[in-house]
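Using the sequences provided together with the hints, build the complete structure.
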Amino acid sequence: MSKKYKNVSDLIKSMDLPKEQKQEQIDHINSRRLSRLLTMMRAQKGMNQQKAAEKCGCTQSRISKMEYKEDRKLTIGELLDYSDALDMEMSVIFLPKKLRIVDHVKLHAAQIEHLLKRLVSLSQGDKAIAKAVDAFHGECLVNMLSIIGKSQKSLRPRKKQVLNVIGPQEVEQLIEEETACV
Amino acid sequence: MWELEKAEGFENCFKKFSKKHGAEAMAVMANLETFHCVLSETNNVQGAKLLNFVRKEPDGIIALDSRGAPKEKKGTKLKATRLYVYAIEVNSTLYLLRIGDKDSQAQDLKTCKKMVKKLRGACE
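Chains S and R, in that order, are what the protein sequence lines are.
So in the working numbering, the last one in the first sequence is 212, and the numbering has no gaps at all.
So in the working numbering, the last one in the second sequence is 114, and the numbering has no gaps at all.
If you are wondering where the hints come from, they were derived from the structure by calculation, not from laboratory data.
One thing to keep in mind: the hints can contain errors.
[Said to hold, decoys possible] Estimated spans, in silico, between C-beta atoms of each pair:
1) S181/S x N33/R: 18 to 28 Å
2) N81/R x E143/S: 11 to 21 Å
3) M(-9)/R x Q182/S: 34 to 44 Å
4) S61/S x Q97/R: 30 to 40 Å
5) E(-2)/R x P198/S: 46 to 56 Å
Here a beta-carbon is modelled for each residue, glycine too, at the ideal position from N, C-alpha and C.
Set out below in structure tokens:
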């Protein structure tokens, strides 16, 4: 048996095929990221194409076509219809190219800040909402600290644990006597 | 997270097949990526088998077809292709067994069954 791969692109890269053919195959896989996401979301909801079509008010073959379309050929209208069928809202985000993971984390932090501010402004003038928002702030704080702490902890090497073995009494005595002699 | 592994002889079989039927091989690999993503996301083999490019074969073998292949050029007709895979839940691995068309289907399945027997033996 050979090596294991985390995705099909890595598997294709490992194969003894002409470079151009490999690239063509990887490009084809990458050209359908969005339509693949649609299929994944539908599968997560345990919905088949027929059900999705009924909810969407279209035919099953239209759903099927959307799931095989290249990302460039999918229309915003199709995406809106599909997200409707899955009871989901679609949002579009424009991000600069080649954003680092660290920048993504910062972006999410800024988004959390913005949403918390919205919650605070909603609670103004209503004591019950303010109390609930206050409690939610506490929950957020604990969860965030736990997430960051866990991530940081996984960076540090684990300390080696010392294994204590206790033998029968006679053996323990023998060892003690021997160490005393030394 | 599910991982992919090439079974014995898969690479040679794929190389030969993709030389003749590039578009079909490309489509089948794109479907494999979708199948793998769904499997990793849901961790539900039975659920992933409900995808419309998946066909159930005997002995738990799964065949992925070439639906969604790029349109055929004038004068050429796309061959109905099957990529045979086998999912082992114990080690969350999807084994790629063989690729072939309708003409070689019977022989491919015979070979796959033998491979699955071996894989099951190795995992027990």
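Consistency of the hints with the structure:
{"no.": "1", "hint": "S181/S x N33/R: 18 to 28 Å", "result": "holds, 23 Å"}
{"no.": "2", "hint": "N81/R x E143/S: 11 to 21 Å", "result": "violated, 42 Å"}
{"no.": "3", "hint": "M(-9)/R x Q182/S: 34 to 44 Å", "result": "violated, 22 Å"}
{"no.": "4", "hint": "S61/S x Q97/R: 30 to 40 Å", "result": "holds, 33 Å"}
{"no.": "5", "hint": "E(-2)/R x P198/S: 46 to 56 Å", "result": "holds, 51 Å"}
Violated hints for the displayed structure, listed by number in ascending order: 2 and 3.
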